[in-house]
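Taken in sequence, the protein lines are chains U and S.
Take the first sequence: its letter number 4 is residue 4 in this note's numbering, and every next letter is one higher.
Take the second sequence: its letter number 100 is residue 100 in this note's numbering, and every next letter is one higher.
Note that these hints are calculated values from the structure, not bench results.
All of these numbers come straight from a predicted model, not from anything done at the bench.
Even glycine gets a Cβ: it sits at the ideal position worked out from N, Cα and C.
Hints may contain errors.
[Stated by the list, open to error] Away from chain S, derived, C-beta distances all over 10 Å, residues of chain U:
{"#": "1", "residue": "L64"}
{"#": "2", "residue": "E69"}
{"#": "3", "residue": "N161"}
{"#": "4", "residue": "Y203"}
[Unchecked claim] Label pairs and their computed distance ranges (CB to CB):
{"#": "5", "chain 1": "S", "residue 1": "I288", "chain 2": "U", "residue 2": "N204", "range": "26 to 36 Å"}
{"#": "6", "chain 1": "U", "residue 1": "P61", "chain 2": "S", "residue 2": "P93", "range": "51 to 61 Å"}
{"#": "7", "chain 1": "U", "residue 1": "K322", "chain 2": "S", "residue 2": "F107", "range": "42 to 52 Å"}
{"#": "8", "chain 1": "S", "residue 1": "D4", "chain 2": "U", "residue 2": "E267", "range": "24 to 34 Å"}
{"#": "9", "chain 1": "U", "residue 1": "E298", "chain 2": "S", "residue 2": "G80", "range": "51 to 61 Å"}
[Unchecked claim] Calculated cross-link-like contacts (lysine to aspartate or glutamate; reagent style EDC-like; alpha-carbon spacing at most 16 Å):
{"#": "10", "chain 1": "U", "residue 1": "K159", "chain 2": "U", "residue 2": "E69"}
{"#": "11", "chain 1": "U", "residue 1": "K331", "chain 2": "U", "residue 2": "D136"}
{"#": "12", "chain 1": "U", "residue 1": "K290", "chain 2": "U", "residue 2": "E302"}
{"#": "13", "chain 1": "U", "residue 1": "K243", "chain 2": "S", "residue 2": "D131"}
{"#": "14", "chain 1": "U", "residue 1": "K31", "chain 2": "U", "residue 2": "E69"}
{"#": "15", "chain 1": "S", "residue 1": "K127", "chain 2": "U", "residue 2": "E267"}
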Amino acid sequence: MRGRKVIFLLLIFLLALAVTGCSKKESDVIKIGVFEPITGANAAGGQLEVEGIKLANKLYPEVLGKKVELVIADNKSDKVEAATAAARLVEKEKVTAIIGSWGSSLSMAAGDIVRQGKVPTVGASCTNPLVTAGNDYYFRVCFIDPFQGTVMANYAYSKLNARKAAVIQEVNNDYAVGLAKFFMDSFRELTGDPDSIVAVANYNTGDQDFSAQLTNVKAQNPDVIFAPGNFTESALIISQARKLGITCPFIGGDTWETQEFLDIGQEAVEGAVFSTFFATETPITAESAKFIEAYRAEYNKEPAAVAALGYDAYILILDAIKRAGTTDRVKLRDEIARTKNFAGAAGIITLDENGDAVKNAVIKVVKDGKFTYLDTIAPQQ
Amino acid sequence: MTLDLFLQHLSNGISLGSLYALIAIGYTMVYGILRLINFAHGDIFMMATYFAFFGIATFQIPWFITFPLVLVLTAALGMGVEAVAYRPLRDAPKISLLISAIGASFFLENLTIVLFGGVPKPFPAPKLFTDVVQVGTVAIQKLTFYIPVVTILALLGLGYLINRTKTGMAMRAVSMDYETAQVMGININRTIAFTFGLGSLLAAVGGIMWGMKFPQIQPLMGVIPGLKCFIAAVIGGIGNIAGAVIGGFILGIGEIMLVAFLPNLTGYRDAFAFVLLILILMSKPTGILGEKTAEKV
Chain U
1 MRGRKVIFLL LIFLLALAVT GCSKKESDVI KIGVFEPITG ANAAGGQLEV
51 EGIKLANKLY PEVLGKKVEL VIADNKSDKV EAATAAARLV EKEKVTAIIG
101 SWGSSLSMAA GDIVRQGKVP TVGASCTNPL VTAGNDYYFR VCFIDPFQGT
151 VMANYAYSKL NARKAAVIQE VNNDYAVGLA KFFMDSFREL TGDPDSIVAV
201 ANYNTGDQDF SAQLTNVKAQ NPDVIFAPGN FTESALIISQ ARKLGITCPF
251 IGGDTWETQE FLDIGQEAVE GAVFSTFFAT ETPITAESAK FIEAYRAEYN
301 KEPAAVAALG YDAYILILDA IKRAGTTDRV KLRDEIARTK NFAGAAGIIT
351 LDENGDAVKN AVIKVVKDGK FTYLDTIAPQ Q
Chain S
1 MTLDLFLQHL SNGISLGSLY ALIAIGYTMV YGILRLINFA HGDIFMMATY
51 FAFFGIATFQ IPWFITFPLV LVLTAALGMG VEAVAYRPLR DAPKISLLIS
101 AIGASFFLEN LTIVLFGGVP KPFPAPKLFT DVVQVGTVAI QKLTFYIPVV
151 TILALLGLGY LINRTKTGMA MRAVSMDYET AQVMGININR TIAFTFGLGS
201 LLAAVGGIMW GMKFPQIQPL MGVIPGLKCF IAAVIGGIGN IAGAVIGGFI
251 LGIGEIMLVA FLPNLTGYRD AFAFVLLILI LMSKPTGILG EKTAEKV
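Construct the complete structure from the given sequences, taking the supplied hints into account.
Here it is, written out as structure tokens:
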């Protein structure tokens, strides 16, 4: 028994050595935190972004003569875990900047932590306006939901000729609720009919049974159903809707663009239309072509829009570090805020006064089990 | 609300309720015999769906071979969990067992995340089960007819096994007093391992049905169904197998009706189950069909 105790103490001692040993060479590397859901309900989306970020790190491994090291923190698709993960990056890892997160709610959970810790953070695909609003340290390389909601309302109204729409929203997801609200506002405006939204149904993240909500929606007989939310739940909703005999088109937002949406929904999601950030069919910049080629070579598949945005967030931070000539976080923040006409893989990025990118939206449709490019919509200036 | 609409809701509720009932049976049986709440039940249920996924999607084994194979594998897994996490604690206080059960649950969840990744996978449901039948204006998935049948078969099979066979007699003896049972020549390790195997087999049946109805599997999928089926078991009277079925139906139909008639309360859908649990514990702690002597848990 005593022998065991001695070995145990020795192990603890060694562990302590190992932990303190790690932080020795800190000045030789620049640490960039990657704050993404690697596990849980949003994992598929988070991992796509991480793929893009890792690819960017591989192509651009150095800045200011120092190696850039990615520190990946899993926020587990959970708001509470997200705050912990962000705090770890800010306080323990002392990263220079942070990228992420997929999912606006998760990003918002980190908002106060990065602001107080003064760590400039660049979101890749979190589209809810509140992520960057009132937060000097949060930026993003994607457009925001008021634009996305309008794009989809326009699509429903003019392309699908819909006059009655139903909304099914993931009620505890800030992204879905925000996007649904912007969609409803502009759809009501387009139709000029305050009663044009015939049903609003809610569900929770992680729900698997939507039969009650869908039965109620079916009774209202809408022309189109707008269902922004997580890809797994959305795929289940659409397949359950088809089984209940709902035949009208389903439209949604950028979160749908994952392989899992197709795998889980299978033939039921055929014809589903959604807005997103980027399509490989229409590369926008020289960086796009470079990214698409490298991504295909590295992962042997077609890049999703969020992978391109993860890539963009990384190269944008690197460019800002280069311009600032330092890793001082406050100077870096100012430099990121000054980003103008920066050529990213998913389009030209100019950050507005809130730190949001103003960009085109792309509309895609599921056709023959693949995401297929449909249209590009420019923001109204 | 028209009659058609109500019938559609009712059919949805019965479909969900029978699924809860099926999983609750396994929960309550293990409790009835061992007085142990097996918190790993939901995770064994989750593992079963992964076994089925690998059998059908990865190894391309036809479903009618995969499903029995899944039952065997899951039963073996349940016995393994019992041997590792519960058997060494046979003489320890009940609370240690409960904590060990929670540990086993976390272990299985995290093991799955490490081995298979946290990304949800599509459950390969055979077409035969997922087709839809139209009855008047009510659309009903074929599965909706199968699940209650499977639940009732499981209920009858278990009733026969526990009340009419020698193994069942041993199980009942162990549930009363395992020390005395041992003195009477019953191999309690074997009996308890068998109970766990059987409970896990029921979890596997539930898992397969669940996967076909909600064709998306991920490592944490067992948590909420596990909790809800535990509640269903408590509502029906924990330890009582018929009670678990009743509890499952009450919970499933109640949930659907809550969302159907009070759409604003949809967010409280999971809370509904817990509120029901509190109400039952306050008014009739032993559950609807529970035994008279309340057991400390």
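**Numbers of the earlier hints that this structure fails to satisfy, in rising order** = 4, 9 and 10
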